[in-house]
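*Asks:* Spelled out from the first residue to the last, the chains are:
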Amino acid sequence: MNNSLAARRLRRREALTGYAFVMPQLIGFTIFVLIPLVNVFIYSFHNKNMLFGTNIFIGFDNYTKLFTNDSLFWMTLKNTFVFSVLLVPLNLILALLLALYLGDGGFGTRFTRTVIFLPVVTSGVAWAIVWKYLLQSGTAGPVNYFLSLAGIPGPNWLTDKGWAMVSVVINRVLKNLGTNVLIFYGAVMNMPQDVIEAARIDGADSFTLLRRIKLPLLMPTILMVSIVTMIGSMRVFDTIRLMTDGGPEGSTMVLVYYIYHQAFKMFNTGYASAIAVVLFVIVLILTIIQWALRKKVSHYES
Amino acid sequence: MKAKHMKRAAQVLMLIVVAALFVYPFWWMLVNSLNTAAQVFGKPTLLPVAWRFVNYVEIFQVQPFARHLMNSVLVALIGTVGNILVSALSGYGFARIRFPGNNILFILLLTALMMPIEVIIVPLFFQMLQWGFSDSLVPLMLIPIFGAQGAFSAFMFRQFFVTVPLELEEAAKLDGLSTLGTFWHIMLPIAKPVIASGAILAFLAAWNTYLEPLVFTSSIENFTLPLSLNNFNDSYGEPQWNLQMAATTVSVLPIMLVYLFFQEKVTDAMVNSGLK
Numbered sequence: 008m009n010n011s012l013a014a015r016r017l018r019r020r021e022a023l024t025g026y027a028f029v030m031p032q033l034i035g036f037t038i039f040v041l042i043p044l045v046n047v048f049i050y051s052f053h054n055k056n057m058l059f060g061t062n063i064f065i066g067f068d069n070y071t072k073l074f075t076n077d078s079l080f081w082m083t084l085k086n087t088f089v090f091s092v093l094l095v096p097l098n099l100i101l102a103l104l105l106a107l108y109l110g111d112g113g114f115g116t117r118f119t120r121t122v123i124f125l126p127v128v129t130s131g132v133a134w135a136i137v138w139k140y141l142l143q144s145g146t147a148g149p150v151n152y153f154l155s156l157a158g159i160p161g162p163n164w165l166t167d168k169g170w171a172m173v174s175v176v177i178n179r180v181l182k183n184l185g186t187n188v189l190i191f192y193g194a195v196m197n198m199p200q201d202v203i204e205a206a207r208i209d210g211a212d213s214f215t216l217l218r219r220i221k222l223p224l225l226m227p228t229i230l231m232v233s234i235v236t237m238i239g240s241m242r243v244f245d246t247i248r249l250m251t252d253g254g255p256e257g258s259t260m261v262l263v264y265y266i267y268h269q270a271f272k273m274f275n276t277g278y279a280s281a282i283a284v285v286l287f288v289i290v291l292i293l294t295i296i297q298w299a300l301r302k303k304v305s306h307y308e309s
Numbered sequence: 005m006k007a008k009h010m011k012r013a014a015q016v017l018m019l020i021v022v023a024a025l026f027v028y029p030f031w032w033m034l035v036n037s038l039n040t041a042a043q044v045f046g047k048p049t050l051l052p053v054a055w056r057f058v059n060y061v062e063i064f065q066v067q068p069f070a071r072h073l074m075n076s077v078l079v080a081l082i083g084t085v086g087n088i089l090v091s092a093l094s095g096y097g098f099a100r101i102r103f104p105g106n107n108i109l110f111i112l113l114l115t116a117l118m119m120p121i122e123v124i125i126v127p128l129f130f131q132m133l134q135w136g137f138s139d140s141l142v143p144l145m146l147i148p149i150f151g152a153q154g155a156f157s158a159f160m161f162r163q164f165f166v167t168v169p170l171e172l173e174e175a176a177k178l179d180g181l182s183t184l185g186t187f188w189h190i191m192l193p194i195a196k197p198v199i200a201s202g203a204i205l206a207f208l209a210a211w212n213t214y215l216e217p218l219v220f221t222s223s224i225e226n227f228t229l230p231l232s233l234n235n236f237n238d239s240y241g242e243p244q245w246n247l248q249m250a251a252t253t254v255s256v257l258p259i260m261l262v263y264l265f266f267q268e269k270v271t272d273a274m275v276n277s278g279l280k
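Protein chains in written order, with my numbering: chain A, 8 to 309; chain B, 5 to 280.
The reader is advised that the hints may include incorrect statements.
[As the list claims (entries may be wrong)] Simulated crosslink set (BS3-like; lysine-lysine; CA at most 30 Å straight-line): (1) A:85 x A:168; (2) A:72 x A:85; (3) A:303 x A:168; (4) A:168 x A:72; (5) B:269 x B:196; (6) B:196 x B:177; (7) A:168 x B:196; (8) B:8 x A:303; (9) A:302 x B:269.
Note that these hints are calculated values from the structure, not bench results.
Quick caveat: nothing in here was measured; it's all calculated off a predicted structure.
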């Protein structure tokens with residue numbers, strides 16, 4: 008009797024100690040993640056304006072306006088989609104090629120591994136500012152200058168409606184490529200060498216080897232990386248604000264840019280929150296896919 | 005023989021492309037940080053034309069750049085140290101101490117991993133405003149501690165502490181150490197690799213972030229480097245492209261040197277967080 012009382016007391020003490028250890032993080036999490044998340048939903052049902060101090064409950068009006076009466080929103084949604092659809096395959100194909108090249112361990116791989124990671128540790132701001140110069144129109148920018156040496160007239164990368172999106176996509180691909188290259192490189196180095204060797208002995212040429220053996224082996228990683236990259240692409244902001252500022256004619260205006268614009272330029276806090284909820288739902292769906300995939304992938308690995 | 009030459013040629017071509025895409029932009033930045041403003045848009049040269057070292061003095065004169073540098077260092081240091089302390093504590097608590105709700109609370113915390121700051125920044129701005137942190141560095145220091153980056157560190161610490169043999173703690177307890185003492189003297193020292201990874205990621209995130217200072221600070225005294233860099237454009241009438249390049253160099257170079265010294269460690273940390 009006494010014994011179990013002592014044991015209970017001990018457990019109670021341990022529990023209190025446990026709460027004390029996790030409390031700082033959980034309180035901070037509540038303040039910096041949980042409450043703002045609840046609030047973004049609440050705000051989105053209000054006509055809330057930072058400038059005029061209005062705060063009126065309006066139900067779904069913000070969402071109705073967003074989806075039925077705001078062409079700018081549809082444009083940003085489309086631009087975000089285009090950005091992602093261009094960026095993800097380009098990023099993945101380049102990363103995969105570079106990883107396979109590094110996997111061969113030939114001449115210059117050490118150098119490549121080092122320098123492709125330089126933009127990853129650099130701020131997106133610095134990378135965008137430098138590329139804004141490199142891509143200046145005419146022959147003022149080095150990119151067009153070198154193109155002109157080859158006799159190619161370079162486009163107006165940042166001010167032409169057709170090229171601005173391409174420019175920010177390229178900038179973003181180069182910025183983050185290093186991470187994906189090294190993830191793929193890890194997967195390439197983990198491929199069962201005996202399987203590849205066996206296929207080679209059976210007379211498979213390098214293309215067949217890639218298509219029939221290596222790509223299937225890498226597929227789980229490819230799927231995971233594409234989802235993670237896609238989630239990242241939904242969040243693009245600094246690159247666009249610094250390189251094109253959403254232009255020309257809104258052709259590079261994306262979701263986060265529009266949230267920022269509505270909240271901190273137009274002071275339509277409630278409306279901006281409704282857009283943020285849309286972003287949240289998109290990221291949530293992608294994250295659920297990612298978790299489902301991870302389960303499959305770990306199943307596959309074991 | 006011919007095939008071998010072809011292969012070597014392809015490899016060299018590949019290296020030229022890689023260098024052009026990943027090294028040249030930084031080299032161009034460095035070169036033009038030593039030019040005059042007019043030379044920035046001149047014909048690209050491999051070396052600076054003007055060798056104008058005074059650019060690196062002028063960046064401190066045309067705007068409070070020293071202040072911006074200090075702000076960035078302060079935000080990144082406090083954010084990093086806080087991130088590690090808070091998440092090591094909670095990671096240990098979740099891994100090793102039994103209390104009701106342990107698992108549920110940990111899973112709840114992990115939801116922070118998928119929460120983009122962009123989704124919650126508008127209400128967070130209001131909350132900070134109400135608490136008197138408008139135009140302040142305080143939110144910039146606290147977000148790396150308690151936001152997604154903090155949750156990721158806690159996740160890494162928990163995964164690490166779960167694998168540590170129980171005997172280690174039991175021995176410490178027998179020696180009379182309290183739970184906190186065991187954590188501080190035994191567990192934290194063996195978690196050095198996790199501390200390093202978490203610190204690298206937290207520091208980079210705090211140093212490089214743009215949206216947060218854009219939202220939470222407004223007066224020029226409170227700018228951090230990412231805001232400062234873009235402020236050489238238009239604030240003094242005359243364009244100061246060369247100064248912008250010098251300032252960008254100052255902001256990028258320390259990070260790059262640290263990366264080159266601890267390459268494996270940095271890439272490992274980034275790759276793991278990319279796979280999270």
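*Asks:* Check the structure against each numbered hint from earlier and tell me which ones fail, lowest number first.
*Replies:* The structure breaks hints 3, 7, 8; every other hint is satisfied.
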